[in-house]
Amino acid sequence: MLRKIRITLAIIAFVAITLLFLDFTGTIHTWFGWLADIQFLPALMALNFVVIIALIVLTLVMGRVYCSIICPLGVMQDIVSWFSSRRKKKKARFKYTKNKVLLRAIFLFLFGLGLCSGFTALVSIIAPYSAYGRIASSLFAPLWQWGNNLLAFMAQRADSYAFYEVDVWFKSLPVIIVAAVTFVTLIVLAWRSGRTWCNTICPVGTVLGMLSKYSLFRPVIDTTKCNGCTLCSRKCKASCIDAKNHNIDYSRCVACMDCIDNCSQGAISYRLKPHKSVKGTTEPTDKARRTFIATSAIVGSSLIANAQHKKVDGGLAVIQDKKIPNRATPIVPAGAMSIKHLSECCTTCQLCISACPNQVLRPSDDLMRLMQPEMSYERGYCRPECTRCSDVCPTDAIRPITVEDKSSTQIGRAVWIKENCVVLTDNVSCGNCARRCPSGAIIMVALDREKPDGPQIPAIDTEKCIGCGACENLCPARPFSAIYVEGNQVHHTI
Amino acid sequence: MSKIELSRREFLKKLGIGSAATAAALAGCKTDEMKRATSSTSPSSSEGMTYRTNQSTGDKVSILGYGCMRWPKLETPAPDGNVIDQDAVNTLIDYAIEHGVNLFDTSPVYMQGWSEKATGIALKRHPRDKFYVSTKLSNMHNYSREASLEMYRQSFADLQVDYIDYYLLHAIGGGSGMELLKQRYFDNGVLDFLIEERKAGRIRNLGFSYHGDIKVFDYMLSIHDKVKWDFVLIQMNYLDWQHAKQTNTANTDAEYLYGELTKLNIPVMIMEPLLGGRLAKVPDHIAKQFKQREPQNSIASWAFRFCGTYPNVLTVLSGMTYMEHLQDNISTYSPLKPLTDEELQFLHHTADMMMDYPTIPCTDCKYCMPCPYGIDIPAIFWHYNKCINEDNIIDDNSHDRYRQARRAFLVGYNRSVPKLRQANHCIGCGKCLSSCPQRIDIPKQLHRIDDYVESLKLQGPSK
Numbered sequence: 007m008l009r010k011i012r013i014t015l016a017i018i019a020f021v022a023i024t025l026l027f028l029d030f031t032g033t034i035h036t037w038f039g040w041l042a043d044i045q046f047l048p049a050l051m052a053l054n055f056v057v058i059i060a061l062i063v064l065t066l067v068m069g070r071v072y073c074s075i076i077c078p079l080g081v082m083q084d085i086v087s088w089f090s091s092r093r094k095k096k097k098a099r100f101k102y103t104k105n106k107v108l109l110r111a112i113f114l115f116l117f118g119l120g121l122c123s124g125f126t127a128l129v130s131i132i133a134p135y136s137a138y139g140r141i142a143s144s145l146f147a148p149l150w151q152w153g154n155n156l157l158a159f160m161a162q163r164a165d166s167y168a169f170y171e172v173d174v175w176f177k178s179l180p181v182i183i184v185a186a187v188t189f190v191t192l193i194v195l196a197w198r199s200g201r202t203w204c205n206t207i208c209p210v211g212t213v214l215g216m217l218s219k220y221s222l223f224r225p226v227i228d229t230t231k232c233n234g235c236t237l238c239s240r241k242c243k244a245s246c247i248d249a250k251n252h253n254i255d256y257s258r259c260v261a262c263m264d265c266i267d268n269c270s271q272g273a274i275s276y277r278l279k280p281h282k283s284v285k286g287t288t289e290p291t292d293k294a295r296r297t298f299i300a301t302s303a304i305v306g307s308s309l310i311a312n313a314q315h316k317k318v319d320g321g322l323a324v325i326q327d328k329k330i331p332n333r334a335t336p337i338v339p340a341g342a343m344s345i346k347h348l349s350e351c352c353t354t355c356q357l358c359i360s361a362c363p364n365q366v367l368r369p370s371d372d373l374m375r376l377m378q379p380e381m382s383y384e385r386g387y388c389r390p391e392c393t394r395c396s397d398v399c400p401t402d403a404i405r406p407i408t409v410e411d412k413s414s415t416q417i418g419r420a421v422w423i424k425e426n427c428v429v430l431t432d433n434v435s436c437g438n439c440a441r442r443c444p445s446g447a448i449i450m451v452a453l454d455r456e457k458p459d460g461p462q463i464p465a466i467d468t469e470k471c472i473g474c475g476a477c478e479n480l481c482p483a484r485p486f487s488a489i490y491v492e493g494n495q496v497h498h499t500i
Numbered sequence: 367m368s369k370i371e372l373s374r375r376e377f378l379k380k381l382g383i384g385s386a387a388t389a390a391a392l393a394g395c396k397t398d399e400m401k402r403a404t405s406s407t408s409p410s411s412s413e414g415m416t417y418r419t420n421q422s423t424g425d426k427v428s429i430l431g432y433g434c435m436r437w438p439k440l441e442t443p444a445p446d447g448n449v450i451d452q453d454a455v456n457t458l459i460d461y462a463i464e465h466g467v468n469l470f471d472t473s474p475v476y477m478q479g480w481s482e483k484a485t486g487i488a489l490k491r492h493p494r495d496k497f498y499v500s501t502k503l504s505n506m507h508n509y510s511r512e513a514s515l516e517m518y519r520q521s522f523a524d525l526q527v528d529y530i531d532y533y534l535l536h537a538i539g540g541g542s543g544m545e546l547l548k549q550r551y552f553d554n555g556v557l558d559f560l561i562e563e564r565k566a567g568r569i570r571n572l573g574f575s576y577h578g579d580i581k582v583f584d585y586m587l588s589i590h591d592k593v594k595w596d597f598v599l600i601q602m603n604y605l606d607w608q609h610a611k612q613t614n615t616a617n618t619d620a621e622y623l624y625g626e627l628t629k630l631n632i633p634v635m636i637m638e639p640l641l642g643g644r645l646a647k648v649p650d651h652i653a654k655q656f657k658q659r660e661p662q663n664s665i666a667s668w669a670f671r672f673c674g675t676y677p678n679v680l681t682v683l684s685g686m687t688y689m690e691h692l693q694d695n696i697s698t699y700s701p702l703k704p705l706t707d708e709e710l711q712f713l714h715h716t717a718d719m720m721m722d723y724p725t726i727p728c729t730d731c732k733y734c735m736p737c738p739y740g741i742d743i744p745a746i747f748w749h750y751n752k753c754i755n756e757d758n759i760i761d762d763n764s765h766d767r768y769r770q771a772r773r774a775f776l777v778g779y780n781r782s783v784p785k786l787r788q789a790n791h792c793i794g795c796g797k798c799l800s801s802c803p804q805r806i807d808i809p810k811q812l813h814r815i816d817d818y819v820e821s822l823k824l825q826g827p828s829k
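Chains A and B, in that order, give the protein sequences.
Numbering follows our numbering, in which position 26 of the first sequence is assigned residue number 32; successive positions increment by one, without gaps.
Numbering follows our numbering, in which position 235 of the second sequence is assigned residue number 601; successive positions increment by one, without gaps.
Please keep in mind that the hints were generated in silico from the structure rather than gathered at the bench.
Mixed in with the good hints there might be a few duds.
Mimicking EDC-like on lysine to aspartate or glutamate, the simulated pairs with C-alpha atoms at most 20 Å apart in a straight line are [to be verified]:
id : chain 1 : residue 1 : chain 2 : residue 2
1  : B       : 785       : A       : 384
2  : B       : 823       : A       : 410
3  : B       : 785       : A       : 171
From a predicted model like this one, the values you see are computed outputs, not experimental measurements.
For reference, chain A alone in the conformation it holds in the complex (with noise of 0.2 Å):
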């Protein structure tokens, strides 16, 4: 019974929060957000205290429920490792094993030691929600958005507006690279041996473990009943049960009751079981805020002026695509309030880019922020009435912030490259920048103070500029925009 409770809620929660990754038009969210901002290490990035003394006290009462259920990736695990146990001679595949202590503390203590440092984005590999993430966001959601594609397709032909297609496009080749490692490295764990990842790497188990030692409630083998067939052992994904000696490593039990079921005798039940251990202060480590001051190098940014081949093929001039221009300081969105602060508290779980309806986020390349988000306008532009990132976040890295707050905020400028401008270069008159600027912070200006009715060019008011990137992404020079937006470190208001 305790199992199939297990099971129901955990296949609940493990679709709810696939989905927050694959869909994109934010209904998901307004239901299941919240599962993002019960994971352990986004709560205690975002300091949620609640969520964390929640989990805590969860933990503590009922052992490591929280890596059978609310867990993405301990649930995946499950699902591998259940394939495999469909096969014939493999049903009671396990054995128990010594529980790996040394690399359990070297993991966790590097991972800790990543967190206060600032590297947060190098070791968030492991952190399992963020891993999740990366492999829902670029394994499984392009197939999903192919799967609406196709349905948006039908639809068109049945003059229907029930689905609209969808870009599927490539944001990023390590995110990939990562994911695809992550995914593969555990459908073999899970697959051969069941939780392994769970007991010796994850840095979240280890520490659930530690509670969990003296959590309340847990499986108990009744000795008189047991007649020792070792069932339970061989069946316990977490390879903690020793049939022998009658004994549970609960550090490493994910209370997933199987062994409740799988006993022939009902040796083994869960229940309350007093003890001697005083609760308390295994706070983890990784609290501690961090004053690592990522500098990121400064690249001069030089723009490679390039002439329009506008090559006309009768029916319709062939459009160049925009080219990401070399800026010196990244773009990070309005709520992130400065690169520092996003930096460090990002665990790089994606869900803001998947999120993101605008082709705007993107996982950064550069090695301090691997992977986290940063935004780039050479696809669409940061729409004035969107905050769907700051929705989501659940670390806080990048807060929540009303329309009226992103509206304010300047988290970055607008730069004017006179060599791209095809008020030059082509010798027509524009003015696109100025017209779809949401902050009226272009201003159309006479090119020869002289000839006040001459050619027209944008000047920024840098007072006005928010950096939204409306100017970039609608400027006709190609590949290189005649405008584009600069970074702040720092986000201010205007």
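With chain A fixed as given, assemble chain B onto it according to the hints.
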């Protein structure tokens, strides 16, 4: 980039082939079932096409003329750059000739310059005395004598003919009006040359097609004594009859143009009888009025009957891309049933009502294309007009249907026009302005549509 666009066309094309196949299948049915199984759009071959006689040459011209500006397109252009689906053109032309259509009107610049070749290939498969071919001196951009004569001679080669039945000075009245007219045809002696060609028999009828500045039209008629125009091609339909000037003050009502030509006894050829399809796809409640009167007949048939009702009309050109349009138009004109006075009144009344709809008077002629910045101008206007006709332009977010209309507009917009070719990328350089025969202020309209899109996006799906 144009995948979405193509797929829509592709779909319609398949639909066309499908219905053609159905028609063919139906034609094979036993006679008993014929009556029940034949749809009203299938031509009633028993009656036959209506013909009009051209006084100057005695030509018996079918009242339905085939406009070769909108041939079916290939999904992707062929290696040599050809954009036209030749097989489809052959099928359409064969069908048209078989059902009595005998005038084919093209131009060296239609279909990105491939129309004459494709039309020539298809017509070559029929005896030369079975059809009249019409083409134009489209020297809008390079009007030197050499380039103009070169264009004239190339038409013979591309159409594979040694005489041209109807030859036109193309789209006069545009641009700078009189000045451009003089430059294109008078200063370089090209008109005199063409008159000589007519004497030599290589041109059987000489005329001009007209859009725009009325001074040019009046001037051309004033020299009729000297030149003797055999025919004139004008834009005429029940909307432009009395409302052309209302649409744009620079325009002239077709009633005046037709009247002046009739006074001089010059046969009139008609273009844009449907306004590029805008008179086939009308606002829903207007469509209902048409259907109330003639439930079996298409809405387009009214526009064709309108043009045919005027006796001085020689032929009505229609650019038919799809077989079902061809069949429908043949059906309308086999034979023509002229409108009664009451029906004419009804159409004038309908035209008044249509003027209340702020559709953009684009006829999808694509003369504005290519936009150097890649904007798909006709596709944007097409989508906007479609939404107006379907009552999906709703700016007020407290409106009951706001949410539904917003979705139809925005989702449909992305389907009809690739994102990079949408109105927000129009920089307003104005290069398209001089080429629009309908004199639409294209950048202004594009920016107006873009402002609407922006307001929908900013307001979001609901209050």
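How the hints compare with the structure:
no.: 1; hint: B:785 <-> A:384; result: 12 Å, holds
no.: 2; hint: B:823 <-> A:410; result: 16 Å, holds
no.: 3; hint: B:785 <-> A:171; result: 12 Å, holds
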